[in-house]
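Starting from two chains that each stand alone, build the complex the way the hints lay out.
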Amino acid sequence: MNKQNSQASKLIYTLLAWIIGGLIFFPIFWTLLTSFKTEAEAISASPSLFMFDWTLQNYIDVLARSPYFDHFWNSVVISFGSSLVGLLIAVPAAWSMAFVQNKRTKNLLMWMLSTKMLPPVGVLVPIYLLFRDFGLLDTQLGLVIVMTLINLPIMVWMLYTYFKEIPNEILEAARMDGASIGEEIFHVLLPIALPGIASTLLLNIILAWNEAFWTLILTAANAAPLTAFIASYSSPEGLFYAKLSAASAMAIAPILILGWFSQKQLVRGLSFGAVK
Amino acid sequence: MATTQSRTLARVMLLPSVTLLLAWMIVPLCMTLYFSFLDYNLLIPGDNEFVGLLNYEFFLTDPAFVESFFNTLLLVGGVLLITLTCGIALAILLDQAIWGRNYVRIMVLAPFFVMPTVSALVWKNMFMNPVNGLFAHLANWFGVAPIDFFAEMPLLSIVLIVSWQWLPFAALILLTAIQSLDREQLEAAELDGAGPFSKFYYLVLPHLSRAITAVILIETIFLLSIFAEILVTTSGGPGYASTNITYLIYTQSLLQFDVGGGSAGGIVAVIIANIVAIFLMRLIGKNLES
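From first to last, the protein sequence lines stand for chains A and B. Each residue of the first sequence is one higher than the one before, starting from 1 at the first, in the working numbering. Each residue of the second sequence is one higher than the one before, starting from 1 at the first, in the working numbering.
Same shape as in the complex, but just chain B (with noise of 0.2 Å):
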């Protein structure tokens, strides 16, 4: 039973986080927007006019922008493929009885812990270097040329990091979510004939749906963000050829001190992310009802 008292108090106590918050999602925002409307560069100084939806344009139809869109797509994309099918798969196989799960469960872990710039440089030198690297070693062990990854293909490299990064987590909330399988419904199918491959397609599967969407929605939200990879290795580089577009903003807005048209771009990125999230809080609202 909540008192008066506790109602007001209840009240003032949430005040600070809500207040907080409130300041930075809004005062930021607004001032993006109001940036993202002006012709507003660091480095010239004048009197920041007014140009309408200029900015807008040109970082729209900038061929950087289209660029960076599809290889942010790629990049998301690609992640959420590699991290989903082994997440999954190493779900399965966490989930049987075996020896030293604990300790398995601790190494499949251990990758996202790794600091961003920690992980994205030891795969570039120690992994992915053509010439030092372990992987060329294995090429020429074998015979083989070596690739060079980050020429070659740098969207790809990343996609790599990035995926090593992000399988604990894809595998560790579908761990959670399999144990949560009903064991005797699949001893029923069991008992009723039914292979591996139908137990996994119609009792398995079904029963991550649910956690399935929930780790692409929250993947997607941090993957597209993905900054300090990109910046370590490649630079976004060569070219736009691995800049997704929060490099990109970056670059316009911190290299190119070009405030306007970083705002404009900081505006759509927030747009393409709320996308998302929509999807990703629908699917929070059903959870917190149930």
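Pulled out of the complex, with its shape left as it was, chain A reads as follows (with noise of 0.2 Å):
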């Protein structure tokens, strides 16, 4: 193939890739534009691209006329408490079945793997019985609990092969000089896998942020998340899409731009090691 041609071709796959990358991307795009529309630019027949009136009036409706902040708040909560929660009962186990191998090593984490797979409907009964009679039914520590629990397999699993990447002889080196266990982990491998603690504490909030089986089943107006507080927004009355727009803008920006960090980890945590 010659130069010239091979400009070409790029030419041709880059236009492609642009076209169809954008059809893909357009329904969040132009959620976005129509959060800065009015209720009646929203549902115009002839809608315009940019050349319309620019508000903030849905955002200033949605935050003043639903406990937006609540909902907000509730997500964070729940994301990132069951992410922290489930990294420090993680990270032991993780470390324990990538340095201390046996032979019941490689059963133990695809068990592990396997809980993952169990479909929620199969203990839903029984888990909204449990929380109806612990109290638990929409409170965030529920939530809490709930996420961590599901998420702990693929969390456990990450940081494995995160730490299954670290040479075992830095450890053993560690140990040569007479470093504790304590040391070892604390000053040999922490910092060595911090970036892989970092990316699965990332992608674990995500999950648990969009997660929405239990978030929808198990709360109600106190402890419900962002995913429950839009589904809402199924049953309105009037023209609304403009402030879903608006609502459903701010629930899914904070995640889109952690996604876009989290891009690698993504094949990693979701693939269970299936592709390498």
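No wet-lab data here; the hints were simulated from the structure. Note that the coordinates shown come from a computational prediction; the quantities given were computed from them, not determined experimentally. The beta-carbon is built from N, C-alpha and C at its ideal position, and this holds for glycine as well. There's no promise every hint is true.
Stated by the list, open to error - With a straight-line Cα cutoff of 27 Å, these simulated DSSO-like cross-link-like pairs (lysine-lysine) come out:
| no. | chain 1 | residue 1 | chain 2 | residue 2 |
| --- | --- | --- | --- | --- |
| 1 | A | Lys164 | B | Lys199 |
| 2 | A | Lys10 | B | Lys286 |
| 3 | A | Lys106 | B | Lys286 |
| 4 | A | Lys116 | A | Lys10 |
| 5 | A | Lys116 | A | Lys103 |
| 6 | A | Lys103 | B | Lys286 |
What the hints assert, rightly or not - Output of the computed footprint for chain A on chain B, the stretches with three or more beta carbons under 8 Å from beta carbons of chain A:
| no. | segment |
| --- | --- |
| 7 | 56 to 64 |
| 8 | 142 to 156 |
As structure tokens, then:
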């Protein structure tokens, strides 16, 4: 292939990729745009791309007329809380499996992953009844517990793959120098593993933020995170596209930004190691 | 070299995770199994007597189960078909030398980070609404009658929404896999006069087979449990036209308060998911060994 030819094909591929990428991204772009329109413009039969009266009224309305910040705060508490608690439980387990391996390690790891494959409806009734009996329905604590448990397998798995990449020689050298296990973990292992731990945390925050089975079933007015709050827009009265867009934009923006940082971790965390 | 001390410590450190996951898996699952043998309705006080397999019989012979079973198959199959074909195409496209690949990647990946309730409501209202939706505007502009998506094809509409959410996942996994393809092999094939189609069929596709299997299995696990998208768009209707097994069990357990019937359904769902999980676990096991 000559140079000119390859430049031309690069141009065609680039155009094609940008058009398709743009189409896939369009619903999100359109939601952002609609959130700055008036309700009348939002449903206009000849929607305009940029030539409309930009307004922040929808954001003001959503924030003023609904307890948006409460739901936002619930999302923050549930996703960050469950991810941090999960990390505290998962790091020791992942350390054990990565550095003190025995015959059962592989089976144990596979068993942990398999719990993630249990369909939530399989335990729906007992969890609901247990939550009712323990007064956990519609509480932040209840949701933090459930989120921690459903994401724990992914956390252990991701941390395990990161820890596995750390050469054992480094830890052995530390041991030779007389480091205790505590020193070994805190002074040697954690600093090296920090990027991996941060990525694990990030991906789990995203997963918990967007989880929409347990959040919809176990919460009502008090502990409802944004997933459940947005669901309340499914039975609205009157015109509401612009307000739906504003509420949606605020709900997805933080996680979209976090998500862009965690592209690579996504493959590692959600492919369960089935893809290398 | 693991010492006895570190072995003991390792066990202690594993304990919280193992105990919690064991409790999370065993306790509720046993309760579900137990409830599934009882005549237990939250609205009807009684002594919840043991009825054997009656709940299973009712659940499995219910026309709603048959319909939602096929809906589940269509939902999972439809989304897999769309995300895999488009995902492979996208992965090949993004693997080419293009300008601004990282920006395109970000755009393609974005839908995965949108929470299910937002994507379902945005698509339902702003795109698929037969009067005010963008598709209706487009149809009118072309002079065709707009489609009333959720009235005429509720299940397909949900398939489209869910495909949009899962396409990024498929594309990203397949792109990762395609990037590990041996470039020299491709060049050699090119020198031997292989066309783009035979290159794809004899080199790219076999190389992707493991990744494709992984995408199918992982997506199936998650797609079997689609719930929020149905709840906020159709609530399973009209009739049971867009009810999947997950949604059916939800209505039976929490809307009709039929603990026994819902539990029997839950066990059925676990069995279905396990069939897929076995294959996925085998694939993971193979990779852990190599």
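ask   = Going straight from one Cα to the other, do A/Lys116 and A/Lys10 come out at no more than 27 Å?
value = violated, 42 Å
query = Are three or more residues of the segment 142 to 156 of chain B within 8 Å, CB to CB, of chain A?
reply = violated (count 0)
Pairwise hint evaluation, B/Lys286 against A/Lys106, where the allowed Cα distance is 27 Å at most = Since the Cα atoms of A/Lys106 and B/Lys286 sit roughly 11 Å apart, the hinted pair holds (cutoff 27 Å).
message = Checking one constraint from the list: CA of A/Lys164 to CA of B/Lys199, max 27 Å. Satisfied?
response = violated, 35 Å
task = Assess, step by step, whether the Cα of A/Lys103 is no farther than 27 Å from the Cα of B/Lys286, and give holds or violated.
result = Holds - the C-alpha atoms of B/Lys286 and A/Lys103 are around 16 Å apart, at most 27 Å.
query = Given the hint that A/Lys10 pairs with B/Lys286, does the C-alpha gap stay at or below 27 Å?
reply = With a Cα-Cα distance of about 38 Å, the restraint between A/Lys10 and B/Lys286 is violated, given a limit of 27 Å.
ask   = Per the coverage rule (Cβ-Cβ under 8 Å, at least three residues), is the segment 56 to 64 of chain B covered by chain A?
value = Per the Cβ count (0), the hint is violated.
ask   = Taken at face value, is the distance from the CA of A/Lys103 to the CA of A/Lys116 at most 27 Å?
value = At roughly 22 Å apart (the allowed maximum being 27 Å), A/Lys103 and A/Lys116 satisfy the hint.
The earlier numbered hints that this structure contradicts are 1, 2, 4, 7 and 8.
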